[in-house]
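Protein chains in written order, with our numbering: chain D, 1 to 164; chain Z, 165 to 338.
Bear in mind the hints are in silico, worked out from the structure with no lab data behind them. For each residue, glycine too, the CB sits at the ideal point set by N, CA and C. One or more hints might be untrue.
Simulated restraints, written as ranges between beta carbons of each label pair [claimed, not checked]:
#1 D:G25 x Z:S330: 23 to 29 Å
#2 Z:R325 x D:A75: 20 to 26 Å
#3 Z:T301 x D:K142: 45 to 51 Å
#4 Z:T301 x D:M48: 32 to 38 Å
#5 Z:E313 x D:G4: 19 to 25 Å
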Amino acid sequence: MPAGEKIAESIRSATADAAKAAIEGFAGAAVLAVGDAAIACIRDRASMGTEELARTIAGAYATDVIGHVVTEADAKGLAIGDVRVSTQLAAFASGQPLRSPIGAVSVQHAFPFVIGGCGALEASGKLTLHASCEPDDAHHLKTSAWGKIELSLSWSSQQKKAAP
Amino acid sequence: MTSEPSNPPGGPAVWPVVFGALAIGIAALGFLFVRTSRRKPREKEPQMHQLDIVTPRDASIAVAGRPVTFTAQTQPPSSAANVRWSVATQPGEPGAHGIGATFTYTFGATGVEQVVAHLDDDGLTCDVVLYVFKTPTGGSTLADLLLSEPPPVARTAESLRRWGASASAPRRAS
Chain D
1 MPAGEKIAES IRSATADAAK AAIEGFAGAA VLAVGDAAIA CIRDRASMGT
51 EELARTIAGA YATDVIGHVV TEADAKGLAI GDVRVSTQLA AFASGQPLRS
101 PIGAVSVQHA FPFVIGGCGA LEASGKLTLH ASCEPDDAHH LKTSAWGKIE
151 LSLSWSSQQK KAAP
Chain Z
165 MTSEPSNPPG GPAVWPVVFG ALAIGIAALG FLFVRTSRRK PREKEPQMHQ
215 LDIVTPRDAS IAVAGRPVTF TAQTQPPSSA ANVRWSVATQ PGEPGAHGIG
265 ATFTYTFGAT GVEQVVAHLD DDGLTCDVVL YVFKTPTGGS TLADLLLSEP
315 PPVARTAESL RRWGASASAP RRAS
């Protein structure tokens with residue numbers, strides 16, 4: 001039974017692993033360019049993002065679906081906040097051999113961050129985390145996640161105005 | 165001494181004009197009277213009678229074990245008391261029929277279910293289809309639906325004869 005806290009924990013774990021993998025890969029490739037402090041900043045953002053995704057998906061599973069129209073949900077997917085739920089409600093209720101009337105439940109959030117600057121050079125970026133849950137043959141929720149880091153380095157010849 | 169004949173007040177030239185105007189006025193009144201009297205009396209427009217199932221919406225999700233209340237609206241409103249309900253997909257089940265503006269039924273299993281409302285005097289019929297899910301705890305969250313039992317009877321909405329959630333017709337002559 002996918003109790004709310006179990007789902008949240010499962011998503012937390014999968015998303016944290018995905019974020020860690022993304023950061024490790026990124027750090028290996030970019031540490032020379034952005035430095036250890038920048039990687040630490042992204043790690044903090046990832047930790048916060050992982051928790052946010054876990055809470056969001058667990059909240060979606062706890063949402064009451066009475067009143068939703070099956071034909072609309074099956075055609076477009078259920079939207080619970082920014083969580084997307086694929087459904088096959090009509091097919092399941094009609095007797096088609098499906099595992100569940102509920103398919104993949106997924107969410108994607110982007111977390112912008114600023115690493116800092118050095119003179120006219122500014123470094124910022126965006127961490128995108130995606131998490132998804134889907135029932136497997138044993139009616140367990142199989143979770144998956146991925147993370148993506150985009151870095152932006154900018155340099156301007158325009159002098160910054162001094163703070164008043 | 166000659167005296168000029170005195171004219172009546174207004175002068176003799178005024179009288180033909182006055183008589184002419186009077187004649188035209190009388191003719192116009194006569195024309196209007198004839199036209200009005202020939203016009204057919206306006207026929208009464210037929211009064212439309214209507215039956216709508218207002219809740220739940222067609223193709224809604226319902227959960228087995230939880231009562232679902234169906235509500236009809238009629239035109240005229242006094243007909244609502246005569247609405248005859250039936251769960252078309254559970255014909256032999258106890259409680260599958262009712263009369264009145266509302267009807268409550270509790271489905272027992274996962275499946276596609278049809279509830280029909282009739283207004284016999286006006287020959288009106290409406291229906292709604294519900295998708296019922298039997299969940300392990302009777303809950304209706306996404307997590308509950310995830311573990312729904314499969315239906316004991318395979319039936320699609322397309323296999324049902326549909327009337328729609330709204331019907332109207334002119335009142336039958338009594």
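Okay, the hints, checked on the actual structure:
1. D:G25 x Z:S330: 23 to 29 Å: Violated, at about 58 Å.
2. Z:R325 x D:A75: 20 to 26 Å: holds, 23 Å
3. Z:T301 x D:K142: 45 to 51 Å: Violated: the Cβ-Cβ distance is about 22 Å, outside 45 to 51 Å.
4. Z:T301 x D:M48: 32 to 38 Å: Hint holds: Cβ distance 33 Å, inside 32 to 38 Å.
5. Z:E313 x D:G4: 19 to 25 Å: Holds, at about 22 Å.
When each numbered hint is compared with the structure, violations occur for hints 1 and 3.
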